[in-house]
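With chain A's structure known, arrange chain B on it following the hints.
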Amino acid sequence: MARKPADQPLPSNGVAITRRSTQNSAYRTYEVHQRERVGQSTEKIKPIALIRDDQLVSPFDNLAILREHYPCYRDWLGNAYWLTRFEDVTSVFADRANFRVPTRAENCGLTQASDTSASIPAHTVWANLIDNALPNIISDALKNLRSSDKPDVTIDYTLYITTELQRLALDIPEQQRDWFSTTLWHIQRADSWQVEVAERGTAAIEELIAQLSNVNPSSAGVSNTATDKLPITYSLRTACPAATPEDLLATVLGFEARTLHGGLANLCQALLADDNARSTARSNNQGFKIACLETLRHAPPVPTVHCYARHEVERFGRLLPEGALIRLSALAANRDPQQFDCPNEFLANRSDICHREARGQFRADGLATGLSLGMGLPSKHPAEPEDRPRSLYALTRDAIVRSATALFDEFEDITLQADHDSRPRSLAMFEAHIAWSLPVKLRN
Amino acid sequence: MTESPEALRDQALLNVGATSKFAPLPLGEAADMGQAADGTPLFDPQIFDSSEFARNPYPYYRLLRDHHPVYHDKLHNAYYVTRFADITECYFDDAGFNTIPKGSSSGVLGNTQLELSGVEHRRRRNLYGQHLVGKSLTHRVPSIKRLAREMIDNWSIESAPGSDGRTTIELGAAFANEFPIRVVCEVLGFPPEARGDFYYWYNSMMSGLGGSATHKQGVEARQHLEDYVGQLVAERRVTPTWLHDDDGNPISKDIITKLCETKVDGDYLSTEEITSNIALVVGGGGETTRGAIMHLWYLLLTHPEQFAALKNDDSLWDQAFHETLRHSTPIGGQPRHNTHDLSLHGVDIPAGSLINMVDFSANHDERIFSEPEAFNIFRDDLYSGKILRSGYAKEGRCSHMAFGVGPHLCPGAWISQQEAVEGSKALLAAMPDVALDLDKMQRDSISGEPRDIGISSIRELWLTFADGS
Chain A
1 MARKPADQPL PSNGVAITRR STQNSAYRTY EVHQRERVGQ STEKIKPIAL IRDDQLVSPF
61 DNLAILREHY PCYRDWLGNA YWLTRFEDVT SVFADRANFR VPTRAENCGL TQASDTSASI
121 PAHTVWANLI DNALPNIISD ALKNLRSSDK PDVTIDYTLY ITTELQRLAL DIPEQQRDWF
181 STTLWHIQRA DSWQVEVAER GTAAIEELIA QLSNVNPSSA GVSNTATDKL PITYSLRTAC
241 PAATPEDLLA TVLGFEARTL HGGLANLCQA LLADDNARST ARSNNQGFKI ACLETLRHAP
301 PVPTVHCYAR HEVERFGRLL PEGALIRLSA LAANRDPQQF DCPNEFLANR SDICHREARG
361 QFRADGLATG LSLGMGLPSK HPAEPEDRPR SLYALTRDAI VRSATALFDE FEDITLQADH
421 DSRPRSLAMF EAHIAWSLPV KLRN
Chain B
1001 MTESPEALRD QALLNVGATS KFAPLPLGEA ADMGQAADGT PLFDPQIFDS SEFARNPYPY
1061 YRLLRDHHPV YHDKLHNAYY VTRFADITEC YFDDAGFNTI PKGSSSGVLG NTQLELSGVE
1121 HRRRRNLYGQ HLVGKSLTHR VPSIKRLARE MIDNWSIESA PGSDGRTTIE LGAAFANEFP
1181 IRVVCEVLGF PPEARGDFYY WYNSMMSGLG GSATHKQGVE ARQHLEDYVG QLVAERRVTP
1241 TWLHDDDGNP ISKDIITKLC ETKVDGDYLS TEEITSNIAL VVGGGGETTR GAIMHLWYLL
1301 LTHPEQFAAL KNDDSLWDQA FHETLRHSTP IGGQPRHNTH DLSLHGVDIP AGSLINMVDF
1361 SANHDERIFS EPEAFNIFRD DLYSGKILRS GYAKEGRCSH MAFGVGPHLC PGAWISQQEA
1421 VEGSKALLAA MPDVALDLDK MQRDSISGEP RDIGISSIRE LWLTFADGS
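Residue numbers (our numbering), protein chains in the order written: chain A, 1 to 444; chain B, 1001 to 1469.
The following block holds chain B by itself, in its conformation from the complex:
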């Protein structure tokens, strides 16, 4: 240490401006953030706030997994756990790692089972979770197919082919943004005329999470939802309504009716509680599936040989769905809150700390998945069978972490898979000779290729296809 304080000061003053110091690098390459005395690469938490990280996250998570499997980020007052095995262990330890998020959802959505643990979590989760699995789900599949067809028929009418005989659509606007919402809307028991508002609620609440500039709109949309639900609840408390299959046979009461009839601690749920649960279903039911459909199509169209194989073998859709969620996980992870002082990988974490379990990183853990950055629907280390709450880790295959695992596994995981797969099958039938419309896709600032998915979901996916009529 020979520098003078003056030189050190000058150097420190030069470093001011650090939040813009992460210039774009080729994908897969991490910025040099310094080294510890023993040569260990250091990690600058400002990277999390940079556009470079959103664009090119994988090398940074690899750095964390390899060198800082538990990373203490003092700037954001959080810890990051990034290895698959560690996250799995924590997810199963519901008592040691509370789900009470110090995140941002409850301010907008309201208090839901996301904030609960143990028996209370289980009880509330089952209020609607039972409608999204097993026989209930099997009964819902025909409606999912019907809703997909309805949407596609409607877009076919609205979208005229160009002079070259090809039609161009933006998949999000045309299908993926709204399709999951329509499914959720129906399962909940919302009347079809509420769909327009439903999209507003979903969009505003999801974009309003956190203290963002759109936070106000999120809170307002939540209130608007409650005002609407208040009327429905009043009706359903008197007159229960049912879900029917496509043949008109009753399947079960819709979720709102069930919530109206449910007692917790000997008392009926309040409108506020019901609305919070609905808000969660609205938010949770939309984003993962929307992202899955968009990413699935993007990845298939940028891997034409795999797409060709899939077109010839219908049974590959489930593999493609799971590999998509592993490769480009729509929801980055889940926050946890340790209930005891603990030490993991030599890092002491005081009780009450925010620990971000980074599913995104777990799904790219080379300790579990070989060549994790590669999209490969044929990979033999990914489990693609029925989604299990216990997860799957046998004979060299593991389930991915996109839906979490353990008691807090996403209750919409099963229906999300049905939506993405059935919706995509319907899309494939409606889009002969489909391809990316490269002229309209956003480009990567370095490679010039269509922009990679990165850490945030694709918002626009432009497709062109031949007139199939």
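Looking at chain A on its own, in the form it has when it is part of the complex:
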């Protein structure tokens, strides 16, 4: 194949077209997309229907059509393939040899940063925060809620908790809490396809990185003198001294506070909207945990994860070309009737779901777990490893369960404001699917 030598003069358009790779060329002379036979057409759904505004709240009917009829749907409009069956989604998500799943940091434009969230020091910081700092944060959040003129569980409680955890991890001073909260909001949307939103996110990233460059490591920590161990730290910078500000941010994004925040908000929404579910959750010491797992199944905060074919690969009867975008729909997979009975119902005591966090694979004892793809692959380490904290799945679950338990213990009669549509929704297609608004009455 002809290639232009590097020293060739500018082409006729006057702008250099820089080629960055010389291997693994995607050039081919044969056909990828085959003619569809009668019966293979996809008239039951139009591609535009998958990105219409109504899908932000309720995409489940369309996803059910894909799952039932077009399990590997070629979306011409979105130039993507949609996978919607549980087994298909997990098999591709786990197949890192053939499919590349960009990290959250990459999606937000931090392409040169290292996400060290899986490293033991960084992971330990997050575990410290969940295990040691969380009770105080919850206590403050409850005060917030109580003192608010218009108490809103999502804003005053769930968002506060997750923001505080990240603030402490990054050593952001308490006086900058409000600034950090706003900045973090924008950063969490930096991967949006909406250019204006993404621009603001990028600006927020730059602002935060500039701030991190000036922040000194916090001396805050919990001295654990009773066991005569080293003081534990909440500071990522202390735990990972070689990390750059970009690395620190990438690592925090890797902790996937979106799932923590969204999981907690969606759990609160489910329990606030359904008294029976709340009673069930409060009826025994496993209730909130099972309700949490059911929430992550029924309303996963990260609705879709995108991955790309590393090279040409044949799957599901199709040749997926190099670079093909595959949308893995957790919303669809988690409501796959092949895995879950009455998949559209929220059952706080659901029995056909794995009652442990995902580990090794997305199932245990033959039961599927709700997919929380934002948190990556399930841990391969023991449930209670000796040399490292428990998995991100377990930490996130514990944080959600503790926070939800505290809320409903503190405000036993908490109710949603009447006539408020509190359902989880995405602010834009493919963004987090969360109960963004939970205005409540704390006492009847």
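Treat the hints as calculated values from the structure; they're not laboratory data.
Don't take every hint at face value.
As a list, the in silico DSS-like pairs of lysine-lysine whose alpha-carbon atoms are at most 30 angstroms apart [unchecked claim]: (1) B/Lys-1253 x B/Lys-1425; (2) B/Lys-1311 x A/Lys-46; (3) B/Lys-1440 x A/Lys-44; (4) A/Lys-150 x A/Lys-441; (5) B/Lys-1386 x B/Lys-1135; (6) A/Lys-46 x B/Lys-1074; (7) A/Lys-44 x B/Lys-1135; (8) B/Lys-1216 x A/Lys-44; (9) B/Lys-1253 x A/Lys-46; (10) B/Lys-1386 x B/Lys-1253; (11) B/Lys-1311 x B/Lys-1440.
Among chain B residues calculated to face chain A with C-beta under 10 angstroms, some are [unchecked claim]: (12) Pro-1045; (13) His-1076; (14) Cys-1090; (15) Ser-1106; (16) Leu-1109; (17) Ser-1353; (18) Ala-1393.
Heads up, the beta-carbon is just placed ideally off N, CA and C, and yes, glycines get one too.
Structure of chain B alone, referenced to chain A:
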């Protein structure tokens, strides 16, 4: 950044409903889609799915050309290249920018040279491309004229004048939809009695591209075409048939016969392969020419001084044809697939990405064509000579991009020009004092004027003319 998360949330929730947020604006005016910190206008990819964009596309493409010459659309997972010079460069780089479309044609039409590059593309393209150029085309011109006359004679019989002595027709239904199909049908070697089915195949396949609601009909029509072609192929493999000029002299074997006799990789083409090639000719041979005829007449009738000049000077038809294709390009562009990671205008594009080369925008690039939104058959910056695969860019004149350029230049470009020009000449002779029937034309929602062509081809063009009999 001082807003609270609560305020930001409320604002974001208000913005839900965004796909209907693009209200109609005066033509030429773009919606405000925000600005970057440095003041650069931003571009919201949802505009592509809006009716406003279909109605009023030019200001948006101008915005892309000026500020985002390579635009990454994350919603549709595609890149858009919009400047004339960049598109030209990419079209000539057949190895760097494969034509393998991640578009929608192959699902319905089948696999054709649209998906091929290099020598294999050339080989297959020449299978029928040779019938559409040079001497073969010269020999075909009399038949093109004859087919146009036949259609017009037939409509004259069917369309009675009204009480005012004027006849009203819808040009698409009366002529433009079917005329190119008849020409293609004859060149391919289909018997005349197949014309009815031919229109069904064409219409269903073209409207069934992509995962649309009519996709099923497209796939079914393609199968119906294959069933029909299967019989023809069986016959032509045994008994070749020829095309003749109007004097009965053989010109060459028809395309189906040639395809039956052709070997690729030492083996004859299968019925499936032949049908796919025919499906492509059916689709490609119809839409550009249909659009060209409809747009040409619309633009001439809305620019009466240019129409008057053309009526007095037969030699202006070719200029009018090319200016029409530049001004109102019937096919928006062509998809490409970069074979290497690359960077263009500072945008990194990973290998295997879908890159839409927007011919529509290239033809309105003010870097090439002055006052590009104006229809002007006398413009001195548009090349209107013989269509060249190499394109034309000399002495301040450029060829337009409606047929593409380079190795994948539309093989039907030359015959399309003959059809549009000869067909229009025949129409002009048959329609004295022709004018738009404004009462029947669709109106623009803002200006109240007859609706502009916009990004999609005109589907209905109502004309009224005096009884010339």
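Results of checking the hints against the structure:
no. : hint                    : verdict
1   : B/Lys-1253 x B/Lys-1425 : holds, 28 angstroms
2   : B/Lys-1311 x A/Lys-46   : violated, 46 angstroms
3   : B/Lys-1440 x A/Lys-44   : violated, 34 angstroms
4   : A/Lys-150 x A/Lys-441   : holds, 9 angstroms
5   : B/Lys-1386 x B/Lys-1135 : holds, 14 angstroms
6   : A/Lys-46 x B/Lys-1074   : holds, 19 angstroms
7   : A/Lys-44 x B/Lys-1135   : violated, 48 angstroms
8   : B/Lys-1216 x A/Lys-44   : holds, 9 angstroms
9   : B/Lys-1253 x A/Lys-46   : violated, 42 angstroms
10  : B/Lys-1386 x B/Lys-1253 : holds, 25 angstroms
11  : B/Lys-1311 x B/Lys-1440 : holds, 25 angstroms
12  : Pro-1045                : holds, 6 angstroms
13  : His-1076                : holds, 6 angstroms
14  : Cys-1090                : holds, 8 angstroms
15  : Ser-1106                : holds, 4 angstroms
16  : Leu-1109                : holds, 7 angstroms
17  : Ser-1353                : holds, 6 angstroms
18  : Ala-1393                : holds, 8 angstroms
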